[in-house]
Each structure stands twice: as structure tokens, then as C-alpha cells.
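By the numbering used here, the letter at position 56 of the sequence shown is numbered 573, and the numbering carries on one by one without gaps.
Just so you know, these hints were derived from the structure itself, not from any lab.
No false leads were slipped in.
Straight-line C-alpha distance at most 16 Å; calculated EDC-like pairs for lysine to aspartate or glutamate: (1) Lys595 to Glu643; (2) Lys612 to Glu635; (3) Lys584 to Glu613; (4) Lys577 to Glu664.
Pair ranges (Cβ atoms, derived): (5) Pro637 to Glu657: 24 to 32 Å; (6) Met665 to Lys584: 16 to 24 Å; (7) Phe686 to Glu724: 50 to 58 Å; (8) Leu757 to Phe686: 25 to 33 Å.
A virtual CB, placed ideally from N, CA and C, is assigned to each residue, including glycine.
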Amino acid sequence: MKTELLIFFTRRAFQDMNSNRFLHIVTIITISLSILIVSAFGLFFTNINDIMVSWKKGVKIMAYLHKDVEKIQLPELKQKILSLYGVSEVRFIPKEEALEELKRQMKRQMALFENLKENPLPDVFEIQMIPSTQNWGKIEILAAQVEMFPQVAGVEYGQRWLGRVTGIFNLFKFAGTAMCLVFFMASVFIVANTIRLLFFSRREEFEIMRLVGATDGFIKAPFYIEGILQGILGGVTGILILFVIYVIITSNVDQGISSGFFEMRFLPISISIGIVFCSMFAGWLGCYLSLKQFLK
518 MKTELLIFFT RRAFQDMNSN RFLHIVTIIT ISLSILIVSA FGLFFTNIND IMVSWKKGVK
578 IMAYLHKDVE KIQLPELKQK ILSLYGVSEV RFIPKEEALE ELKRQMKRQM ALFENLKENP
638 LPDVFEIQMI PSTQNWGKIE ILAAQVEMFP QVAGVEYGQR WLGRVTGIFN LFKFAGTAMC
698 LVFFMASVFI VANTIRLLFF SRREEFEIMR LVGATDGFIK APFYIEGILQ GILGGVTGIL
758 ILFVIYVIIT SNVDQGISSG FFEMRFLPIS ISIGIVFCSM FAGWLGCYLS LKQFLK
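Between the sequences and the hints, there should be enough to build the whole structure, so can you do that?
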């Protein structure tokens with residue numbers, strides 16, 4: 518019996534959508550545009566997060582030593598650094614090697630080194646971290662522990678650059694979340710108004726149905742299905758449009774900027790399904806709010 522009622526309500530919902538095609542098409546297009554914008558934010562954050570993870574994996578702590586540190590102290594200091602939690606590898610770079618590397622990197626500015634009487638660079642330990650500690654908070658803690666050794670004059674790990682980039686990323690994430698909430702509310706409002714117009718146009722029919730014993734649940738069921746169908750169609754359409762745009766962009770960008778730097782990827786299936794479910798919920802919620810207000 519429940520299956521037969523569900524089939525009846527679904528058939529009735531499709532009939533209503535077919536009878537009011539223009540209104541439903543406008544609603545579905547509006548929902549799809551909202552989902553497109555929300556999904557675009559999701560795609561942006563997915564790839565930016567991949568870039569951030571890749572950058573953090575390449576972050577190394579450089580521990581610069583005091584000039585008066587004797588060579589005999591270096592093995593002991595290296596073992597102490599290795600004993601710290603989160604350290605996977607420590608490499609000693611003598612100042613002579615560092616200067617030669619600097620000269621190779623600045624071979625077009627060799628004139629800067631012609632009048633250099635002594636090596637201004639200090640000896641340094643290059644510290645590589647394990648993957649589980651490659652986040653902003655743990656990097657800071659480890660750098661502070663290394664800096665506490667008396668032989669260490671200072672540490673460098675791109676803290677200003679990394680902190681600034683992380684701050685900008687978090688700001689964009691907050692703005693993106695706020696925009697997603699705005700478009701979600703807009704979708705709910707549009708669906709609610711669509712259902713309200715449909716319900717108002719058929720109010721006399723529903724009054725007759727009530728007189729012959731129809732319950733509110735029987736009357737509302739097809740509208741709930743319509744709201745959910747609008748959400749599904751709008752969500753799937755928005756995801757498909759974004760995928761087409763993604764394919765067009767990646768077919769041109771992958772061979773250029775992103776090649777060898779990072780690989781753009783589309784939204785994971787789990788996130789895409791989650792967005793469609795949110796779209797379905799927006800359709801159901803808009804219908805619920807509209808009918809709850811109207812049936813009073």
C-alpha cells in the first residue's frame with residue numbers, strides 16, 4: 518500500500534511539473550546556478566588545499582648555528598635534534614657548501630662575491646619533518662624546540678610567508694562558507710515561492726479534497742516530491758555544468774601552468790553526492806516552510 522501511494526504521489530508530482538513547466542524550469546535553473554557557484558567554491562578549495570599540503574610537505578626548518586660552535590659538538594647536536602618528536606632527517610650543511618650553492622644560484626651576479634673577504638654564512642642544520650607534523654601549529658612547536666638549543670642562533674622555515682598564505686586561505690574559506698550559506702538560503706526561498714504559487718493556484722481543489730476526507734499529509738506529499746525533484750535536477754545540472762567548465766579549463770591549463778607543479782582534480786564523488794543531497798534538502802526545506810505557512 519505504501520509503495521502504491523509513493524508511486525501515485527510521484528506520478529502526481531511529475532504531472533504538476535509538466536503542467537507548470539516554465540515555473541519549474543526557472544526554479545531548476547536558479548537552483549543549478551546556485552549549486553554551480555557553491556560547487557565552484559568547493560572545487561577551488563579542494564585544489565588550493567592540495568597545493569597547501571604540497572607546499573607544507575616541502576617546508577624544512579633551517580637551524581643556523583653560532584659561529585663559535587666547534588665541529589666536535591655537531592654530532593651530539595644532530596642526535597638531540599633527531600630525538601625531537603616529528604623529525605625524520607637532519608642534514609648538516611657547512612658554510613663553505615652553502616656559499617658555493619649560493620654562488621651557483623646567483624651565477625649572473627658573481628660580481629657581488631668578488632670583494633668578499635670572508636664567508637658571511639653560518640653552518641646550518643636542514644631538518645626534514647615526518648608527514649604527520651607538517652602542519653602550521655606543529656611546525657612552530659618544533660622550530661621553537663630547536664631554537665632552544667644553545668648552539669642554535671636562529672631558525673628559519675618561511676614562517677612569515679607560510680603564516681600569510683595560511684591566513685589568506687582561511688579568509689577565503691570563511692568567505693566561501695558564508696557565500697554557500699547565502700546561496701543555500703536563496704535556493705530554499707525560491708523553492709518555497711514556487712510551491713506557494715502552485716499551492717495557491719490549486720487551493721480550491723485542495724479545499725474540496727479536504728471536504729471528502731483527504732488529510733494534510735495526502736495533499737502535501739506530491740509537493741514534497743516536487744521540491745526534492747527540483748533539488749535533484751538543479752544539483753545534478755549544476756555539477757554537470759561545473760564538470761564541463763573544469764574539462765575545458767584543464768584541457769588548456771594542464772599542459773602549461775599546472776604541468777609539473779600540481780595536478781588539478783575535480784570534486785571527489787563523496788563531495789559531489791553531498792552537494793546533491795544538500796540541494797535535495799534545500800528543495801524539501803523550501804517546500805516544508807511554504808506548506809507549513811500556507812496550511813495554517
